[in-house]
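Asker: Sequence:
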Amino acid sequence: MSDHPRVKREIRDFLNQQTYLYYLQEEIARIDTPEPVRRYFEKKDRTVLKEFPELSRFHTLQGWKWSRGENRLHTALKSIAADIEIDFEKLTAENESIDWQGRIRMFAIRKPY
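For the record, in the sequence shown the residue sitting at position 15 is 15 according to this note's numbering, with numbers rising by one throughout.
Derived from the structure by calculation, the hints contain no laboratory data.
Some clues are possibly wrong.
Unchecked claim - Computed cross-link-like contacts, BS3-like style, restricted to lysine-lysine with a CA-CA straight-line distance of at most 27 Å:
{"no.": "1", "residue 1": "Lys8", "residue 2": "Lys111"}
{"no.": "2", "residue 1": "Lys65", "residue 2": "Lys43"}
{"no.": "3", "residue 1": "Lys111", "residue 2": "Lys65"}
{"no.": "4", "residue 1": "Lys65", "residue 2": "Lys8"}
{"no.": "5", "residue 1": "Lys78", "residue 2": "Lys65"}
{"no.": "6", "residue 1": "Lys44", "residue 2": "Lys65"}
{"no.": "7", "residue 1": "Lys65", "residue 2": "Lys50"}
Go ahead and model the full structure; you've got the sequences and the hints to work with.
Answerer: Structure, rendered in structure tokens:
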């Protein structure tokens with residue numbers, strides 16, 4: 001079953017999504033929230049909108065951080081070299097070395113859209 005093309009595609013898509021979310025969370029953790037932005041979301045201080053007009057699109061500080069993190073991550077991803085090579089033979093060898101019949105198993109389940 002692991003050799004079925006659809007299973008491979010689903011696992012690859014799931015892993016791509018999880019990798020993206022991992023790097024996005026790292027980027028969000030590095031964001032320093034300016035005091036006016038924090039004040040806007042805590043006290044709904046509308047005078048902050050003069051300095052940060054984009055805040056009116058967001059309902060929560062988490063939403064603002066998520067958007068900033070995505071923008072920064074996309075900028076960083078665009079600057080990375082496109083010729084990244086993945087050693088599929090090594091991945092296959094590691095896959096074969098795992099005892100999949102043991103008690104601990106990992107399932108990659110894709111969430112529906």
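Asker: Work down the list of hints and note, for each, if the structure agrees.
Answerer: Hint-by-hint comparison with the structure:
1. Annotation: proposed proximity of Lys8 to Lys111 holds, straight-line Cα distance about 16 Å (limit 27 Å).
2. Straight-line distance between C-alpha atoms of Lys65 and Lys43 comes to about 17 Å, which keeps the hinted pair within the 27 Å bound.
3. A C-alpha spacing of about 23 Å is found between Lys111 and Lys65, which places the hinted pair at or below 27 Å, so the restraint holds.
4. For the hint pairing Lys65 with Lys8, the CA-to-CA distance comes to about 33 Å; that exceeds 27 Å, so the pair is violated.
5. With a CA separation close to 20 Å, the supplied pair Lys78 and Lys65 stays within the 27 Å bound.
6. Of the pairs offered as hints, the one joining Lys44 and Lys65 holds, with about 17 Å between alpha carbons and a cut-off of 27 Å not exceeded.
7. Taking the CA atoms of Lys65 and Lys50, the gap is about 19 Å. The hint holds against a cut of 27 Å.
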